[in-house]
Structure formats: C-alpha cells, structure tokens
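Quick mapping for you: the protein sequence lines, in order, are chains H and F. Residue numbers are given in UniProt numbering: position 127 of the first sequence equals residue 127, and the series is strictly consecutive. Residue numbers are given in UniProt numbering: position 260 of the second sequence equals residue 260, and the series is strictly consecutive.
Watch out, some of these pointers could steer you wrong.
[To be verified] 16 angstroms max Cα-Cα, derived EDC-like pairs, lysine to aspartate or glutamate:
hint : chain 1 : residue 1 : chain 2 : residue 2
1    : F       : LYS307    : H       : ASP277
2    : H       : LYS244    : F       : GLU222
3    : H       : LYS59     : F       : GLU35
4    : H       : LYS10     : H       : ASP271
5    : H       : LYS13     : H       : ASP50
6    : F       : LYS72     : F       : ASP52
7    : F       : LYS96     : F       : GLU65
8    : H       : LYS59     : F       : ASP33
9    : H       : LYS253    : F       : ASP181
10   : F       : LYS307    : H       : ASP271
11   : H       : LYS253    : F       : ASP32
12   : H       : LYS98     : F       : ASP32
13   : F       : LYS243    : F       : ASP181
[What the hints assert, rightly or not] Take a look, some chain F residues computed to stay more than 12 angstroms from chain H by CB distance:
hint : residue
14   : LEU77
15   : LEU95
16   : LEU166
17   : GLU168
18   : ASN184
19   : ASN215
20   : LYS249
21   : TYR255
22   : ASP302
Keep in mind that the hints were calculated from the coordinates and are not lab data. Predicted, not measured: the structure shown is a model, and the values here were computed from it. Note that the Cβ used here is the ideal one computed from N, Cα and C, for glycine as well.
The primary structure of each chain is shown beneath.
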Amino acid sequence: MPVNLILKPKLHKKYLYRCLQCIPSHFASYDTTRLVLAFFAISGLDLLKDLNNLKKQQKIIDWIYSLQVVDDKELVSGFQGSTTLNTIENRNQTAPYKWCHIAGTYTALWDDLSRVNKEAIARSLKVLQLPNGVFCASLKVLQLPNGVFCASKDGSESDMRFIYCAACISYIIDDWSGVNIEKATDYILKSLTYEFGFAQAPQLEAHGGSTYCAIASLALMGKLSALTETQRKHIIRWLLNRQKDGFQGRPNKPVDTCYSFWVGAALKILDVFDFVDFDQNKTYVLSTQDNLYGGLSKWVDTTSDPLHTYMGLSGLSLMKYDELEEIHFRRNTIDLSIRF
Amino acid sequence: MSDSSDEEISQQKWVFYKDRPDWKDVEPIPQDDGEEPVVTIAYSKEFTDVYDYFRGILKTQEKSERALQLTKDAANLNPANYTVWQYRRDIIKALKKDLREELEYIRQTIRKHSKNYQVWHHRKVLVEWLNDGSEELEFTKSILETDDKNYHAWQHRQWAMKTFKLYEGELDYVDSLLQTDIRNNSAWNQRYFVVNNTTGFTDVVLSNEIDYTLNKINIAKENESAWNYLRGLLLHDKEGLSKNQKVVKFCEDLYNSGNRSAFLLALLVDMCDEEITQGSGDVLLARQKGIDLCKELASNYDTIRCKYWEYMANTLEKKGTGTDEACTSSTAN
Numbered sequence: 001m002p003v004n005l006i007l008k009p010k011l012h013k014k015y016l017y018r019c020l021q022c023i024p025s026h027f028a029s030y031d032t033t034r035l036v037l038a039f040f041a042i043s044g045l046d047l048l049k050d051l052n053n054l055k056k057q058q059k060i061i062d063w064i065y066s067l068q069v070v071d072d073k074e075l076v077s078g079f080q081g082s083t084t085l086n087t088i089e090n091r092n093q094t095a096p097y098k099w100c101h102i103a104g105t106y107t108a109l110w111d112d113l114s115r116v117n118k119e120a121i122a123r124s125l126k127v128l129q130l131p132n133g134v135f136c137a138s139l140k141v142l143q144l145p146n147g148v149f150c151a152s153k154d155g156s157e158s159d160m161r162f163i164y165c166a167a168c169i170s171y172i173i174d175d176w177s178g179v180n181i182e183k184a185t186d187y188i189l190k191s192l193t194y195e196f197g198f199a200q201a202p203q204l205e206a207h208g209g210s211t212y213c214a215i216a217s218l219a220l221m222g223k224l225s226a227l228t229e230t231q232r233k234h235i236i237r238w239l240l241n242r243q244k245d246g247f248q249g250r251p252n253k254p255v256d257t258c259y260s261f262w263v264g265a266a267l268k269i270l271d272v273f274d275f276v277d278f279d280q281n282k283t284y285v286l287s288t289q290d291n292l293y294g295g296l297s298k299w300v301d302t303t304s305d306p307l308h309t310y311m312g313l314s315g316l317s318l319m320k321y322d323e324l325e326e327i328h329f330r331r332n333t334i335d336l337s338i339r340f
Numbered sequence: 001m002s003d004s005s006d007e008e009i010s011q012q013k014w015v016f017y018k019d020r021p022d023w024k025d026v027e028p029i030p031q032d033d034g035e036e037p038v039v040t041i042a043y044s045k046e047f048t049d050v051y052d053y054f055r056g057i058l059k060t061q062e063k064s065e066r067a068l069q070l071t072k073d074a075a076n077l078n079p080a081n082y083t084v085w086q087y088r089r090d091i092i093k094a095l096k097k098d099l100r101e102e103l104e105y106i107r108q109t110i111r112k113h114s115k116n117y118q119v120w121h122h123r124k125v126l127v128e129w130l131n132d133g134s135e136e137l138e139f140t141k142s143i144l145e146t147d148d149k150n151y152h153a154w155q156h157r158q159w160a161m162k163t164f165k166l167y168e169g170e171l172d173y174v175d176s177l178l179q180t181d182i183r184n185n186s187a188w189n190q191r192y193f194v195v196n197n198t199t200g201f202t203d204v205v206l207s208n209e210i211d212y213t214l215n216k217i218n219i220a221k222e223n224e225s226a227w228n229y230l231r232g233l234l235l236h237d238k239e240g241l242s243k244n245q246k247v248v249k250f251c252e253d254l255y256n257s258g259n260r261s262a263f264l265l266a267l268l269v270d271m272c273d274e275e276i277t278q279g280s281g282d283v284l285l286a287r288q289k290g291i292d293l294c295k296e297l298a299s300n301y302d303t304i305r306c307k308y309w310e311y312m313a314n315t316l317e318k319k320g321t322g323t324d325e326a327c328t329s330s331t332a333n
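Next up, chain H with everything else stripped away, as it sits in the complex:
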C-alpha cells in the first residue's frame, strides 16, 4: 500500500477536536444539527481510542443536557438538535416550539443516562409514529377537547431514518413502549424493493443508507427473522453488488466513503461481511483522507467533513483496524456508556 494510503489517526484526531470546538460560518446550515456533529466528533475520537484525552468531557455532557426538553403537555420530550431556540429565560423550561428532534435524542444518549428522563422520551416517541408505522422527526401533539392526542400533520417529514432513530433510542433507554414494533416491521418490509434493497419509504428506490436503517432497526427490534431466507439471500446479493472498490449507495452511482459503513454494517448484521473485498474497500476509504488538515471526505480530493470522517473511520473499523476500536455496528457507535 502506498505511503499516503496509511491511516493518519493523529491528523483525524486534530480535525475532530477542531470540529468539537468551532466550525466556520459557512456551516450555518448545520446550525440545527450541532448535536449530530458533536456525535460524529465524539464517536470518531472514541473510534480513534482518544476518548480519555477529551479533557472537556463533563462540559460536553452538560452542553448536551442543556438540549433536553421534558414536556409532557405537548409530548415533545427528548433532545433538541441545537441551542438555536434556547434563551436565558427558557433555560430548563418548556417554551413554544422548543421541541425535541428524533435524531437529536438518538445522538444525545451516550453517557450513563442518569439525567435523562427516559419515561418522558418514550411517551413522546409514541406520538411520532404514524398509523402506517413510520416515524416523524419532530412534531407537536395537539390534544383535542375529547382528550385524544392528534399529531399535527405538517410537523416534519417521515422516513426510514427516523424508524432507525426510534429503534436506537428505545434500545438505549431499554424501553420499547414508545414503538409499535409490529407496525414498524410492516413498514420496513413494505419498503423492500424489487431490487432487494430497502428504500426510504414503500415504492421508492432502494438505497444503501435506508437499507442499513431498515436492517439495523429489524435487528434492534429482534425482528430479523421477519425476513424470509429468499429475501435475505437477495438482500445480501444487492448489498455485495454495491462494492466497486469502495461502496456506492445505489446501482450506477459513484462510490462514496459513507457507504463503506452503511452497506458494510448491513452486511455485518447479516453475518456476511467477510465476503467484502477488504483491500479495495480500505484503499478507497483511505484515499479520501485529507493528508494536510485531516478528516475524510466522500470522494477523493474533496473537502473533508465530520459525517464522512466518522463514517469512513466506522467503515474501516468494521474491518478490524489496529488503530481503531471495534464499532458497535447496530447502534452505529461503540457502547460509550461504560466509560463515564
């Protein structure tokens, strides 16, 4: 392997520490998902075996808890994705539009959970699930005069990503009362396409990201057995066909670093990851490293970003890398709770 195709852990650590501190103004469109960025950085540093050096651990946790919302009236409990709506006045209080976001809640839950209001989260999770089984990201619940709760329809989009978030949250808080598992399973199976990949919603195109979300959700819900042997066989074929050198997300699309994780982890859950060509996969992912500033990107010679840095490291970790911790491939992070 050429010299520049060696993992550069030091550079990536530096990059992720920089992300944890401050990111430039052109990242403004990440303003509502800063918690997700923190998750990428922290989990990335953990993969790089550097968590103990994170000197500000307690402060990071305190910042994350400042995003917690406990609101049993509007049933919007969980974690916000950012502090955009936080003010001194509404600190630790409910306020209009101060709602949790399901991805925020998922990425917040990584300490010992001692300050997490799990019951409130489960109660709020329940209302995010629509009658067809899929989950919304965020919405306010209106209580009708007769006492019935009615989710406001215009709240947010709904798709496979949020089923995965709901499954992760329930798994982590060890409380599944917020999820109707049968309905979620039904929705997932309906999203299996003629190509035998899963789409974001029924009848849409099969996609590597949604296939990971679908399979990981089934695994977390204990429902992998809902797939027939034939389906499983064809899904494995579709997933393996995504490898070109690195992995692509759909047929005839370019490869992209993040699919080394999404597709790789789905294969791992199905217990067939060893069919992957490790050398070619490694070579591709490593070629997307920024050898000057650190971080990884989706393609060779493009700007690195926190998502692809974390996904690239995760993808490498699936192949058991000496410099990297082994990833907890269902929850998309290794189990951090034991460390705090």
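Knowing the structure of chain H, use the given hints to seat chain F on it.
Structure of chain F alone, referenced to chain H:
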C-alpha cells in the same frame, strides 16, 4: 450542505434588523449556548441578528407580515431550520396568505437547495393544503433535469402521483429518461412504480416489459439497473425465475455468444439454483453448471466478490446431495 447565503444578503444592501425603525418595538433575544458550548458555529453578524429577532417573535408569538419576511431571511440563512419553516406555516395559516404565492417562493427555494429535506416538506404541506397536485409533475421534472437521480424529487413526485392519481404519460417520461441515460436506476425504479400502480404485472404487461428490458440489456450488457429490473419482473412470473422461455433463451444466447457480464452469469447461477431446489429437469447437470458459473465469476468476471462466489459454489455443491440441512430433513421424513 447548502451554501450560506450571507453573500446574497450583503449584495442586497442588507440592513440589520436592529437598525430597522419598524422593528424597534421587538426585543431581540440572544441565544443561550451555555457556559461551555461545543461545535460552536462562527455565526455571521447577519445570522446572529436575524435569529435574535426570530427568537424575539417566537416568544411573543407574533404572526404578522414582517414576521413572515423575517422567516424568509432566517430560512435563507439556514434552509435546514425546521422550526423556521414550521413557524412560517403557522403565520401563513394565521394570516390566510395566498398559498399560490408561497408555492412559487418554495419553488425557487428548492431550486437553490434541492437536496434539503425541509424545503421539500414545506412544498408537500402546501400542496396538501391546496389539495392540488397539478403543478408537481412539471416542477419535479424541472429539478430532475439538473439531477435525474435526486431522491427528494422522486419521492415528492411519487407522493403527488399516488395522492392525485397522476400516472398518465409517466411511462413515456421514464422512457425518455432511459433514452438519455440507460443506467438511470431511479428511472428504472419509477418504471416499476408506474406499472405496479396502474396495470399491474399481468401476463401481457409482463411479456411486454420483458421485451423492453431485454432490448435495453442488448444495448448495455453491463447495466445492473436493467438486469435488476428484469429480476424484478420475474418475481411476477408464477413459474419462477428459470421457466420464462424468452428470458432463458436470451440468457443462453448471450452466454453462448461469448458475453460474460457478471449480471448475466449471476442470473444463470440463480436459475440453476432454482432448478436444483425445485428438483425439476436434470438436477445434476444444473448443479454442475451452477458451480462452474460461480467459479468463472470468482476467478475471472466478478473477482471483487470472489469469496462470495466461492461460497455460492460450495452451497450449490452441497445442495441436493443430501449433505445440506434441508435435504437431510426431507430424506428423514
């Protein structure tokens, strides 16, 4: 990630909200990011100014024309802020604004940020409120012209088609996309979507679709999308994968002509596999043929998946010889 629109704003001789006389009565509220924030964004001055006032009106729940304009500036600075869009919709409802005007605004916004979830969701809600999907096909088509695999555009298009029954002419559109790019997997998926929701895969439709697909495979034999579609079609053949004479003959001819597309070989393997499972025809011959194909794939034509094809060869070898579990138990019965 979308580009920040700071530059655009400054070009329009931007006046800070704090310097606007008509906003004097509103109290700007700073963001509380705690004592030790992480992943801090170096907000531009415009960003801080707009969002201070956004927090201000959110507190008083002001729903007015100026508040509506403010949400536009806030969305412009960060189109991914779902609260801004939610509040904008709440204002639109309260002021009974012209939804057509809003539809035009979101059309322009989606053109600038066509991979952003929130702007597409906003459009969907507006179309639901209007209960009119007549512009959606034309609109999504215009987005697909710049990116014909844009997942959001396809999702919105399918939703509109299902909601407002807009299937007419779609197969022609799909065909035109495939003529432009025969490898456009999104278009192939859309083809399946249309047939599935209109005629269904009746015997006649199935036969026509198979002809169409074989024709496309002839043009590009390494095109996974067409091969996947063919497999999808065969799911509707009651006889299974290996009994459709047209497809079987096509595959055999292609193989005999010397073509070694990995997708062709893989389909032939699956046909052999099915014959062995069903116990139809010459099982021993099918097994040997399947194993040979797997070996060809592993060593020459799909080497990146060689471990998989070796495994498949082993699986076929055990199949029907009484060494695999299923056969052991059926023998025992």
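For each hint, the structure was consulted:
Proximity of F:LYS307 to H:ASP277 is assessed by CA-CA distance (about 8 angstroms); at most 16 angstroms being required, the pair is judged to hold. The hinted pair formed by H:LYS244 and F:GLU222 meets the criterion: a straight-line CA distance of about 13 angstroms does not exceed 16 angstroms. Distance check on the hinted pair: H:LYS59 and F:GLU35 sit about 9 angstroms apart at the alpha-carbon level, within 16 angstroms; holds. For the proposed pair H:LYS10 and H:ASP271, the alpha carbon gap of about 32 angstroms is over 16 angstroms, so the pair is violated.
For the given pair, H:LYS13 sits about 8 angstroms from H:ASP50 by alpha-carbon distance, which is consistent with the 16 angstroms threshold. Distance restraint check for F:LYS72 and F:ASP52: the Cα-Cα separation of roughly 14 angstroms lies within the 16 angstroms cut-off, and the hinted pair is therefore satisfied. This hinted pair checks out: F:LYS96 and F:GLU65 have alpha carbons roughly 11 angstroms apart, not beyond 16 angstroms. Annotation: proposed proximity of H:LYS59 to F:ASP33 holds, straight-line Cα distance about 12 angstroms (limit 16 angstroms).
In summary, the hint linking H:LYS253 to F:ASP181 is supported, as the alpha carbons are separated by about 12 angstroms, within the 16 angstroms threshold. Pair hint F:LYS307 plus H:ASP271 holds up; C-alpha atoms about 14 angstroms apart against a cutoff of 16 angstroms. A distance of roughly 42 angstroms separates the Cα atoms of H:LYS253 and F:ASP32; the hinted pair therefore is violated under the 16 angstroms criterion. Restraint check for H:LYS98 and F:ASP32: the C-alpha separation of about 13 angstroms stays at or below 16 angstroms, so the hint holds.
For the given pair, F:LYS243 sits about 30 angstroms from F:ASP181 by alpha-carbon distance, which is inconsistent with the 16 angstroms threshold. A beta-carbon of chain H is positioned within 12 angstroms of the beta-carbon of F:LEU77; the least distance is around 6 angstroms. Non-interface call for F:LEU95 relative to chain H: holds, since the shortest CB-CB distance, roughly 16 angstroms, exceeds 12 angstroms. Against the 12 angstroms criterion, F:LEU166 stays outside the reach of chain H, whose nearest CB is about 14 angstroms from its own CB.
The Cβ of F:GLU168 lies farther than 12 angstroms from every Cβ of chain H, with a closest approach of about 18 angstroms, so its non-interface assignment holds. Non-interface status of F:ASN184 relative to chain H is broken: a Cβ of that chain comes within 12 angstroms, the nearest being about 7 angstroms off. With a least beta-carbon separation of about 18 angstroms from chain H, F:ASN215 lies farther than 12 angstroms from that chain, consistent with its non-interface assignment. Under the 12 angstroms C-beta cut-off, the non-interface status given to F:LYS249 relative to chain H holds; the minimum distance is some 22 angstroms.
Chain H leaves F:TYR255 outside its interface by the beta-carbon criterion, the shortest separation being 19 angstroms against a cut-off of 12 angstroms. With a least CB separation of 9 angstroms from chain H, F:ASP302 falls inside the 12 angstroms interface cut-off, contrary to its annotation.
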